[in-house]
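Build the full structure now, drawing on both the sequences and the hints.
Okay, so the sequence shown: first residue is 1 according to full-length UniProt numbering, each after it adds one.
The set of hints was computed from the structure by calculation and includes no laboratory data. Quick caveat, the model's predicted, so the values are computed rather than measured. Certain hints may be false.
[Claimed, not checked] For each label pair, taking beta carbons as the anchor points, the in silico distance ranges come out as:
| id | residue 1 | residue 2 | range |
| --- | --- | --- | --- |
| 1 | I44 | F2 | 28 to 36 Å |
| 2 | K21 | I44 | 15 to 23 Å |
| 3 | I44 | T5 | 27 to 35 Å |
[As the list claims (entries may be wrong)] Computed list of lysine to aspartate or glutamate pairs in EDC-like fashion (alpha-carbon distance at most 16 Å, straight line):
| id | residue 1 | residue 2 |
| --- | --- | --- |
| 4 | K16 | D49 |
| 5 | K21 | D39 |
| 6 | K20 | D49 |
Every residue gets a Cβ at the ideal spot worked out from N, C-alpha and C, and that includes glycine.
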Amino acid sequence: MFFYTDTADAPWTVVKSKDKKRARLECMKHFLSTLDYPDKDPEIARAPDPLIVGRARHMVLSGAELGHVMGASAG
1 MFFYTDTADA
11 PWTVVKSKDK
21 KRARLECMKH
31 FLSTLDYPDK
41 DPEIARAPDP
51 LIVGRARHMV
61 LSGAELGHVM
71 GASAG
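Listed below in structure tokens is the structure:
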């Protein structure tokens, strides 16, 4: 799905959320850093951690990794 719908005009942003609290904080960082608003402080509105938040094409797991995450390779 991401392959066909993640475009330059309408990009998908993926947030890895194994650690829910950190995922929420990084998601807020993403919004604060990408949106323009009055009195934006660049010290506060920093870019999120690229290991947690990024474009779908860079963040989506390969089939083998996905199988491991879903438990297919357990045993």
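Hint by hint, which ones does this structure get wrong, listed from lowest number up?
5
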